[in-house]
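Asks: Here this note's numbering is used: the first residue of the sequence shown is 3, the next is one more, and so on.
Treat the hints with care, as some may be off.
[As the list claims (entries may be wrong)] Across the chosen pairs, the derived CB separations fall in these ranges:
#1 Gly76 - Gln107: 33 to 39 Å
#2 Ala109 - Ile147: 17 to 23 Å
#3 Ile150 - Ala112: 19 to 25 Å
#4 Asn26 - Asp161: 20 to 26 Å
#5 Ala109 - Glu141: 20 to 26 Å
#6 Ala71 - Ala105: 21 to 27 Å
#7 Gln89 - Asn67: 17 to 23 Å
#8 Cys172 - Gly49: 30 to 36 Å
#9 Glu151 - Ala109: 16 to 22 Å
#10 Asp79 - Ser130: 38 to 44 Å
#11 Ala121 - Ala34: 27 to 33 Å
#12 Glu75 - Ala112: 31 to 37 Å
Rather than coming from a laboratory, the hints here were simulated on the basis of the structure. Quick caveat: nothing in here was measured; it's all calculated off a predicted structure. No residue lacks a Cβ here, since even glycine has one placed at the ideal position from N, Cα and C.
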Amino acid sequence: MKTALKTAVAAATLAIAATTASANTIVDIAAADERFSTLVAAVSAAGLAETLSGPGPFTVYAPVNDAFAALPEGTVDTLLQPENQDQLVAVLTYHVDDRKLLANQFAEGANYYKPVNTAERLCIDATSAGVSIADGTGEEANVIIANIEADNGVIHVIDKVLLPGTRPACH
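Between the sequences and the hints, there should be enough to build the whole structure, so can you do that?
Replies: Following this line, the structure appears as structure tokens:
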């Protein structure tokens, strides 16, 4: 694990330990699951842990550690640097909707959804086979675990980091 990531994970642990939110917020659930350690470190470095521990409601499309590891080498370390906080916030808020959307609440077929990063759009395709999310690069993430409910919203676990870019094409 890189030094910047270790430092960010330590900071995230301290930040989460210091929160007074209920034990079942989105941040608490993610922090308790090792599969999200990179996401938790990024949320902490971006200064979003307190917000995502708040009342919500939120829907978080949560990439697992392997999704972050699949990014080009050095991307995570670069995003975690303090001088890149705005860029990190843009990426992370692309993974958050300010509504609680359970998997069965996504409209059938491919439809645009507006994340908290309002300059961008996601194309969420809900079918009987599952849910996929196209990002601004045209790549798709798959929801691999749906509907992890928290006191302040819901988490959908995805297998790719969503990246802002040109408007994704819904098919």
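Asks: Of the numbered hints stated earlier in the document, which are not met by this structure?
Replies: none
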